[in-house]
Amino acid sequence: AQSVTQLDSQVPVFEEAPVELRCNYSSSVSVYLFWYVQYPNQGLQLLLKYLSGSTLVESINGFEAEFNKSQTSFHLRKPSVHISDTAEYFCAVSVYGGSQGNLIFGKGTKLSVKP
Amino acid sequence: DAGVTQSPTHLIKTRGQQVTLRCSPKSGHDTVSWYQQALGQGPQFIFQYYEEEERQRGNFPDRFSGHQFPNYSSELNVNALLLGDSALYLCASSFYRQRYGYTFGSGTRLTVV
Chain A
1 AQSVTQLDSQ VPVFEEAPVE LRCNYSSSVS VYLFWYVQYP NQGLQLLLKY
51 LSGSTLVESI NGFEAEFNKS QTSFHLRKPS VHISDTAEYF CAVSVYGGSQ
101 GNLIFGKGTK LSVKP
Chain B
1001 DAGVTQSPTH LIKTRGQQVT LRCSPKSGHD TVSWYQQALG QGPQFIFQYY
1051 EEEERQRGNF PDRFSGHQFP NYSSELNVNA LLLGDSALYL CASSFYRQRY
1101 GYTFGSGTRL TVV
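These protein sequences, in sequence, are chains A and B.
Take the first sequence: its letters are residues 1 to 115, numbered as in our numbering.
Take the second sequence: its letters are residues 1001 to 1113, numbered as in our numbering.
There are no misleading hints in this set.
Short, incomplete list of chain B residues facing chain A, as computed with Cβ under 7 Å:
hint: 1; residue: Q1041
hint: 2; residue: G1042
hint: 3; residue: P1043
hint: 4; residue: F1045
hint: 5; residue: Q1056
hint: 6; residue: L1090
hint: 7; residue: F1104
hint: 8; residue: G1105
hint: 9; residue: S1106
hint: 10; residue: G1107
Since the hints were made in silico from the structure, they are not lab data.
For every residue, glycine included, the Cβ atom is placed at its ideal position computed from N, Cα and C.
Assemble the whole structure, with the sequences as input and the hints as a guide.
So this is what it looks like as structure tokens:
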């Protein structure tokens, strides 16, 4: 069985500071990895995903995540955060193989960006 | 292009009652998955429908059932509601042959009293 651990439930940070949201996973088979963002009273939006290829993946709004197979991690980073990045972030995995595997989510990390 | 539409947005039910939640997938999508997100938790997979059949199921009791219609829309039914069923229910649609191209709806907030 697969599981996802997000090590920080809340991360407060000042605007323009760097941030890292940590995600570790456990799986006996290869997995795909995802980060989703959830703004208040909204559904989930895909931020970025790792399916194969380069272990460093980037989103259009400045976030990046690096797949580290040896450490079974997929930490999310941004060099300079904005107030608008305040949201809850979920790390998720899905079993490799097949096109429509279900997603297994972590408990989420609430990012709070302060002015 | 409309995204995933869920109805209703909020719902209050009494313990023991039955509830039906609805989902219209994004245009061009043919697969619908349902997730339950309890307060302070990540979403948990309930089941997935494709070609009007349940293709995968998570660890949820038989009180949770679903249906997919020929137009790809879907319903989630929960019988004999428990207080613990209070949660945000999220629908995600995708195209079966595109890997992990999920689009999530904004969810239905179910409160059981």
